[in-house]
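Undergrad: Chain by chain, the residues:
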Amino acid sequence: MAPVDIQIGRRPNLQGALHGDTDPATQGGYSDHPPRMGFFTDTSVCIGCKACEVACKEWNAIPEDGLVFTGMSMDNTQGLGASTWRHVAFIEQRKPIAAQDPGVHHEGIDVSALAGQGSGTAPDQAAMTPTTPGADGEFRWLMASDVCKHCTHAACLDVCPTGSLFRTEFGTVVVQEDICNGCGYCIPACPYGVIDQRKGDGRAWKCTLCYDRLSVGQEPACAKSCPTNSIQFGPLDELRERADARLARLHEAGVTDARLYGRDPDDGVGGDGAFFLLLDEPEVYGLPPDPVVTTRDLPSMWKHVAAAAVTLVGGALAAFAAGRRI
Amino acid sequence: MSERTDVSTSSSADVTTNGLRGVRPDRDALTGVATGKRGRRRDRRRNGQRDGAPTVPAAEFTSYYGMPVINKPVWSSPDIPGYLFLGGLAGAASLLGAGAQATGRPALGRVSTAGAFGAGVLSLVGLVHDLGKPSRFLHMLRVFKVTSPMSVGSWVLAGYVPLAGIAAVSSVFGKAPKIGMAATAGSALLGPAVASYTAALISDTAVPAWHDGYPEMPFVFVGSGASAAGGLGLLAAPLTQSGPARAMAVFGVGTELASFERMERRIGMTAEPYSQGRGGVYVRAGKALSVLGVAGALLGRRNRVVSALSGAALLASSAATRWGIFHAGMQSANDPKYTIIPQRERSKDRR
Chain A
1 MAPVDIQIGR RPNLQGALHG DTDPATQGGY SDHPPRMGFF TDTSVCIGCK ACEVACKEWN
61 AIPEDGLVFT GMSMDNTQGL GASTWRHVAF IEQRKPIAAQ DPGVHHEGID VSALAGQGSG
121 TAPDQAAMTP TTPGADGEFR WLMASDVCKH CTHAACLDVC PTGSLFRTEF GTVVVQEDIC
181 NGCGYCIPAC PYGVIDQRKG DGRAWKCTLC YDRLSVGQEP ACAKSCPTNS IQFGPLDELR
241 ERADARLARL HEAGVTDARL YGRDPDDGVG GDGAFFLLLD EPEVYGLPPD PVVTTRDLPS
301 MWKHVAAAAV TLVGGALAAF AAGRRI
Chain B
1 MSERTDVSTS SSADVTTNGL RGVRPDRDAL TGVATGKRGR RRDRRRNGQR DGAPTVPAAE
61 FTSYYGMPVI NKPVWSSPDI PGYLFLGGLA GAASLLGAGA QATGRPALGR VSTAGAFGAG
121 VLSLVGLVHD LGKPSRFLHM LRVFKVTSPM SVGSWVLAGY VPLAGIAAVS SVFGKAPKIG
181 MAATAGSALL GPAVASYTAA LISDTAVPAW HDGYPEMPFV FVGSGASAAG GLGLLAAPLT
241 QSGPARAMAV FGVGTELASF ERMERRIGMT AEPYSQGRGG VYVRAGKALS VLGVAGALLG
301 RRNRVVSALS GAALLASSAA TRWGIFHAGM QSANDPKYTI IPQRERSKDR R
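Residue numbers (my numbering), protein chains in the order written: chain A, 1 to 326; chain B, 1 to 351.
Bear in mind the hints are in silico, worked out from the structure with no lab data behind them. Any given hint could turn out to be false.
[Claimed, not checked] Pairs of lysine-lysine, DSBU-like flavour, derived with a Cα cap of 30 Å:
no., chain 1, residue 1, chain 2, residue 2
1, A, LYS303, B, LYS72
2, A, LYS57, B, LYS133
3, B, LYS348, B, LYS337
4, B, LYS72, B, LYS348
5, B, LYS145, A, LYS303
6, A, LYS199, B, LYS72
7, B, LYS348, A, LYS95
8, B, LYS133, A, LYS199
9, B, LYS337, B, LYS287
10, B, LYS133, B, LYS145
11, B, LYS72, A, LYS57
12, B, LYS72, B, LYS337
13, A, LYS224, A, LYS199
14, B, LYS72, B, LYS175
15, A, LYS303, B, LYS287
16, A, LYS199, B, LYS337
17, B, LYS145, A, LYS199
18, B, LYS337, A, LYS95
Model the full assembly from the supplied sequences, consistent with the hints where possible.
TA: What follows is the structure, given as structure tokens:
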């Protein structure tokens, strides 16, 4: 069965169709379906190993898309795209990471002098060494594995004119590559910059939340490979509970920077199927601070289009009325 | 290896000869909590900092290495700005052609219906050529989705172009007047939709300069379309019949300029790309040409050559405006500040 054809013939429930909290699979026409599945990516335990990037590329047989040196910390991947469905961001900051203490102390040992003997750069000349952590001693390295958000209200899916993008029974959003005609509309529609066109192929590609693996009861490749469980996969309800508890623990521990991103079903996209725990503002990680699904305004857009079309007719009538005199 | 029973003082987990003991799942690791000797770090806290709260700098624009937040459209010039321009020209010219035939202006009718068909076909060519898989154009017609302006537009064009074709052939060759009249009426009915839906098409994206301008964009587009259609009439129809084309151009330019002005004032910083860079150059050229075209059309209405030149200026102005809007959108997608700053302010206001 091609789930995409559900869009024709069946009258959708318009309440909650374009914004607000809703169950996307039910909205998409599935009457009996498994729970909505998603990711909770807890960036506070991400170690930047990029196992997720590799596992994703391997499992989904994604082609190489450029080997470049960017100078952006450890990030040569740069961002999500047609051939990058997991992207680990690296951010270096002169900020304390709460009251962090490595738990390793060297009272009585002049480690700087020791390091100085064996090191090419004298510690006092180096901006930062393992034993002299730089100005204020404050440094933190944020790492975060980004992925398609599988929005409750997915703009890419809404604007797709071919029905290539569809909602799965798991509430996720997937491209059917044998249908996509490469019109490219989904690409600027996505408020997160996730989906993109593959060069030389012409079609749009993005994370499928490993639809093939889910269908046989397996977890997605990235979550499977994550060595620290920074990427957690499961029913969205359960993940939200787990994330709330995790956030409370971090706040209790003094990590007041921690916040959840994409967890709120009342946000501009109706909540993300893949949401995050971040340690700084979303834009620091390259995420939009307050994304809104563009189709939320579509009813109003159509009204303005209709008014403009009527104006054009009125203008033409007036032109013929005035045409005799002008 | 048998003695490694107590290797760790900073973690609750141990490696013992009987395997791991006291291991927490990795996801429960508490980043940032003092895990070693306590007390030392407290003295190093910055002055003025609240207990345990890291200082967050005052809200200012930050981004991930200056990278764009959204992926910019893969649409290219001249396909897509040409498609916007030609769609507007076609839709408005169909109205002008129908009116000309109804009011006994056959020359203006011929010019406008033929122009509408030509522009309609070319806009479709632009659209198909820009597809990543042009051979799959017909996939556009396997569903109808009101949530996708491109789907709506494909169906509208699929209905419009054949009608405009019949109208043009009938009008130019004087064959099958009854079928021609019906087709002319049909194309005039769909024309306004053809001229305006492309505004919803570009506004229904996350591209800041396009999305934020959605209330005025359809009026800019029909205005631009009307001035192009008026321009075509002035360029190709004789003076005795081009009165309505002249009036249409005045209406078009007035609507376009007023709506554009209103949009730029209302959307604030997101309007910057309309006056800067490549987009700004095209938009300014469009405005100047439209004023020039209207002035020439009104002052030179007794002169065929001046009227024709004014018509050409109006066509060029409509095209320049569409190219300007296209490039301004690209610029606003490429610079993360147009995505981040308005969203940041919006979320601040809500708190």
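Undergrad: Given the hinted pair LYS145 (chain B) and LYS303 (chain A), is their alpha-carbon gap at most 30 Å?
TA: The given pair, whose Cα atoms are some 16 Å apart, holds under the 30 Å limit.
Undergrad: Decide if the proposed pair is consistent with the structure: LYS337 (chain B) and LYS95 (chain A), CA atoms, cutoff 30 Å inclusive.
TA: holds, 23 Å
Undergrad: Measure nothing beyond the straight line between the CA atoms of LYS72 (chain B) and LYS337 (chain B); if it is 30 Å or shorter, mark the hint as holding.
TA: Holds, because 14 Å separates the two Cα atoms, which is no more than 30 Å.
Undergrad: Given the hint that LYS57 (chain A) pairs with LYS133 (chain B), does the C-alpha gap stay at or below 30 Å?
TA: holds, 24 Å
Undergrad: Check the hint pairing LYS133 (chain B) with LYS199 (chain A) against an upper bound of 30 Å on the C-alpha distance.
TA: holds, 11 Å
Undergrad: Does LYS199 (chain A) pair with LYS337 (chain B) here, judged by a C-alpha cut-off of 30 Å?
TA: holds, 27 Å
Undergrad: Hint check: LYS224 (chain A) vs LYS199 (chain A), CA-CA at most 30 Å. Holds or violated?
TA: It holds: about 29 Å lies between the C-alpha atoms, which stays within 30 Å.
Undergrad: With a cut-off of 30 Å on the C-alpha distance, tell me whether LYS337 (chain B) and LYS287 (chain B) pass.
TA: holds, 27 Å
Undergrad: For the pair supplied as a hint, LYS133 (chain B) and LYS145 (chain B), is the alpha-carbon distance within the 30 Å limit?
TA: At roughly 20 Å apart (the allowed maximum being 30 Å), LYS145 (chain B) and LYS133 (chain B) satisfy the hint.
Undergrad: Does LYS199 (chain A) sit within 30 Å of LYS145 (chain B), going by the straight-line distance between their CA atoms?
TA: holds, 27 Å
Undergrad: Are the Cα positions of LYS348 (chain B) and LYS95 (chain A) separated by 30 Å at most?
TA: holds, 23 Å
Undergrad: Straight-line Cα separation of LYS199 (chain A) and LYS72 (chain B) no greater than 30 Å?
TA: holds, 14 Å
Comparing the model with each earlier hint shows a violation of hint 14 alone; every other hint is respected.
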